[in-house]
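**Student:** Let chain E serve as the given structure and place chain V on it in line with the hints.
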Amino acid sequence: KQEVTQIPAALSVPEGENLVLNCSFTDSAIYNLQWFRQDPGKGLTSLLLIQSSQREQTSGRLNASLDKSSGRSTLYIAASQPGDSATYLCAVEGQAGTALIFGKGTTLSVSS
Amino acid sequence: DAMVIQNPRYQVTQFGKPVTLSCSQTLNHNVMYWYQQKSSQAPKLLFHYYDKDFNNEADTPDNFQSRRPNTSFCFLDIRSPGLGDAAMYLCATSRDLVAGSEQYFGPGTRLTVT
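Protein sequences appear in the order of chains E and V.
One point on numbering: in my numbering, the residue at position 99 of the first sequence is 99, and numbering is uninterrupted.
One point on numbering: in my numbering, the residue at position 110 of the second sequence is 110, and numbering is uninterrupted.
In short, the hints are calculated from the structure, not lab data.
As the structure is a prediction and not an experimental result, all values here were calculated from the model.
Some hints could be false.
Calculated pairs, DSS-like style, for lysine-lysine (alpha carbon to alpha carbon, straight line, at most 25 Å) [as the list claims (entries may be wrong)]:
{"id": "1", "chain 1": "V", "residue 1": "K44", "chain 2": "E", "residue 2": "K1"}
{"id": "2", "chain 1": "E", "residue 1": "K104", "chain 2": "E", "residue 2": "K68"}
{"id": "3", "chain 1": "E", "residue 1": "K104", "chain 2": "V", "residue 2": "K44"}
{"id": "4", "chain 1": "E", "residue 1": "K42", "chain 2": "V", "residue 2": "K44"}
{"id": "5", "chain 1": "E", "residue 1": "K42", "chain 2": "E", "residue 2": "K104"}
{"id": "6", "chain 1": "V", "residue 1": "K38", "chain 2": "E", "residue 2": "K42"}
{"id": "7", "chain 1": "V", "residue 1": "K38", "chain 2": "E", "residue 2": "K104"}
{"id": "8", "chain 1": "E", "residue 1": "K68", "chain 2": "E", "residue 2": "K1"}
{"id": "9", "chain 1": "V", "residue 1": "K17", "chain 2": "V", "residue 2": "K44"}
{"id": "10", "chain 1": "V", "residue 1": "K17", "chain 2": "V", "residue 2": "K38"}
{"id": "11", "chain 1": "V", "residue 1": "K44", "chain 2": "E", "residue 2": "K68"}
{"id": "12", "chain 1": "V", "residue 1": "K38", "chain 2": "E", "residue 2": "K1"}
{"id": "13", "chain 1": "E", "residue 1": "K1", "chain 2": "E", "residue 2": "K104"}
Bound-form chain E, shown alone (with noise of 0.2 Å):
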């Protein structure tokens, strides 16, 4: 059964540094994987999908990685800003038309 982990749960940083979001998953197995952002309350915005045959994928300050091998994901965030805290949640597909397994979500925190 496949199995998403974020890690950290909870992760605070200053202005203007660059971090990097860790997602793992148990089953290599995968069609591909996102990363959705999902404000408190709200519903969940797609920031990047990766395929199983990409490597990585970016959208302005933001890359995604995937290493299918060892079951894990990046999303490394350039420059933060205050304007990027919200949690963020990684999800794989494991084959078409199955549900998106979902981690937990590792909520960022960015002070001015």
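**Tutor:** This is chain V only, laid out in the frame that chain E set:
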């Protein structure tokens, strides 16, 4: 422009009183999903529709039902809500079921059961 819309955003219902949550989409996607997210927990899939084909997750309680009358709309019916059903309910869509088909989420409906 909202692509996945959920109504209402906040719903309060009484213990045992049936409640319906609504989701609509302007993306013309084939697949619609309902997830349940309890406080500080990961979202968990309840079921999904591929077109009109309904797919229930094995551990979804019978108390939860869904309807999809057309491509644009999907409803979540909770027949007899219990206190443990208080959660954020997230609707999502994807173009297809093939690998790499990105899921787009709505803003969620927060359900409170009194």
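**Student:** For the pair supplied as a hint, K42 (chain E) and K104 (chain E), confirm whether the alpha-carbon distance does not exceed 25 Å.
**Tutor:** 15 Å, holds
**Student:** Run the distance test for K38 (chain V) versus K42 (chain E): straight-line Cα separation, threshold 25 Å.
**Tutor:** 13 Å, holds
**Student:** For the pair we were handed, K1 (chain E) and K104 (chain E), check the Cα-Cα distance against 25 Å.
**Tutor:** Judged against 25 Å, a Cα distance of about 16 Å means the pair holds.
**Student:** Between K68 (chain E) and K1 (chain E), is the straight-line Cα distance small enough, at 25 Å or below?
**Tutor:** 16 Å, holds
**Student:** Does K38 (chain V) sit within 25 Å of K17 (chain V), going by the straight-line distance between their CA atoms?
**Tutor:** 20 Å, holds
**Student:** Regarding the pair K17 (chain V) and K44 (chain V), is the alpha-carbon distance no greater than 25 Å?
**Tutor:** 23 Å, holds
**Student:** Within a Cα-Cα threshold of 25 Å, do K42 (chain E) and K44 (chain V) meet the stated pairing?
**Tutor:** Given pair K42 (chain E), K44 (chain V) holds - Cα atoms ~16 Å apart, limit 25 Å.
**Student:** If you draw a straight line from the CA of K38 (chain V) to the CA of K104 (chain E), is it 25 Å or shorter?
**Tutor:** Holds - the C-alpha atoms of K104 (chain E) and K38 (chain V) are around 10 Å apart, at most 25 Å.
**Student:** Straight-line Cα separation of K104 (chain E) and K68 (chain E) no greater than 25 Å?
**Tutor:** 20 Å, holds
**Student:** Need the status of pair K44 (chain V), K68 (chain E): alpha-carbon distance at most 25 Å?
**Tutor:** Holds, at about 23 Å.
**Student:** Can the restraint linking K104 (chain E) and K44 (chain V) be considered satisfied, given a maximum Cα separation of 25 Å?
**Tutor:** 10 Å, holds
**Student:** Could you grab the alpha-carbon distance between K44 (chain V) and K1 (chain E) and see if it respects the 25 Å cut-off?
**Tutor:** 14 Å, holds
Checked against the numbered hints given earlier, this structure breaks none of them.
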